[in-house]
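2 protein chains.
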Amino acid sequence: MELQEAILKRRSVRKFTEENVTDEELRQIFEAVRWSPSWANTQTWEFIIVRDRALIEKITATYSEKNPAVKCSLAASTLIVACAKTGISGCYGGKELTSIKNWEIFDLGIAVQTLCLKAHELGLGTVIVGLMNHEACEKIIGIPEGRKVIAVIPIGRSATPLKEGPARKPVSEFVYLNSFDKGMF
Amino acid sequence: MELQEAILKRRSVRKFTEENVTDEELRQIFEAVRWSPSWANTQTWEFIIVRDRALIEKITATYSEKNPAVKCSLAASTLIVACAKTGISGCYGGKELTSIKNWEIFDLGIAVQTLCLKAHELGLGTVIVGLMNHEACEKIIGIPEGRKVIAVIPIGRSATPLKEGPARKPVSEFVYLNSFDKGMF
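Chains as they are written, first to last, in our numbering: chain A, 1 to 185; chain B, 1001 to 1185.
Every clue listed holds true.
Far from chain A, by Cβ distances over 10 Å, these chain B residues were calculated: (1) A1075; (2) S1077; (3) K1139.
Partial pick of chain B residues on the chain A-facing surface, computed with a CB cut under 7 Å: (4) L1008; (5) F1030; (6) A1032; (7) R1034; (8) N1041; (9) Q1043; (10) E1046; (11) I1049; (12) S1099; (13) G1142; (14) P1144; (15) K1169; (16) V1171; (17) F1174; (18) V1175; (19) F1180.
Okay, derived cross-link-like pairs now, EDC-like style, lysine to aspartate or glutamate, Cα gap no bigger than 20 Å in a straight line: (20) B:K1182 / A:D23; (21) B:K1101 / A:E138; (22) A:K169 / B:E1025; (23) B:K1182 / A:E31; (24) B:K1169 / A:E25; (25) B:K1182 / A:E145; (26) B:K1085 / A:E173; (27) A:K101 / B:E1138; (28) A:K182 / B:D1052; (29) A:K182 / B:E1031; (30) B:K1095 / A:E135; (31) B:K1163 / A:E31; (32) B:K1182 / A:E24; (33) B:K1148 / A:E96; (34) B:K1182 / A:E138; (35) A:K148 / B:D1181; (36) B:K1169 / A:E24; (37) B:K1009 / A:E31; (38) A:K182 / B:D1023; (39) B:K1058 / A:D181; (40) B:K1071 / B:E1019.
Calculated directly from the structure, the hints in this document are not laboratory data. Note that the Cβ used here is the ideal one computed from N, Cα and C, for glycine as well.
Based on the sequences and whatever the hints tell you, model everything.
Shown next, in the form of structure tokens:
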């Protein structure tokens, strides 16, 4: 698939078919994810593939009630729990180097976009769940020290044709030239 | 360009030719960036294109001395300052909804990966600079309240053919099945 098509046509998918995501599809996704850039190539990302039904239910129970992904997550064959090692990205000797704390969150954003684009190319839909109780999820998956959960990504085949995405701001509203006083476009 | 090629062949580029990045190239990049996903489609990203020579020098002076991007940033025709509106992404009524603070950092990671991939497709190299004094940069660009600088991205045409990227961990080292005890691959 063309990069442009992947970027423009990727959607957040919240209704999956019952068909499983295969090991081979997941392998292809993570073989792409690993080429994402990260702070000093620290690659602090770690992913748990969750296929155990009881575990899927427990993890979904950590989402905030109003999260629009609850239903699809419960029905999904596979969740991906995106975690990061802490105290490494943006740090030297465990000490944060800049005022942007937890740089691994930025790195995970990069890696998750790679993940979502590659999944889309393979005909798989994803939705990024951030509105959740991260600590509760960490307990459920038994996260080792020095790691944290950033997001959960239910993944599957979309049960319906992908629609137009929600509207986006035009470039004139978010790109400036030399200062915030002057638009670029 | 194929998505797979963009993901695998994109590199951090730290030596640019003197040729300018065109307005049309930048427009194509941000026309792609705007389709990135973000928390509840909040799109908190804002980008300053910096072409003013004095401003490029001042911004580069905010990088940490050891930052390997200092030289290329000084020589670049264009810097992109990636900013985010604060108190919106991950928030409701200005209040953070989860224990992951500053969710806009995650959203900016997503958007910056879209930017770097699209730039690569257009034959442009990028490097993400995070090791810097963010507050000093904010003063220099006169950032309005409610926004912060996340990273600076020098952009240009690579002066040398792109090499193999630095090694990455194999998927067996960062993907697990159901728990951290069991590898997926």
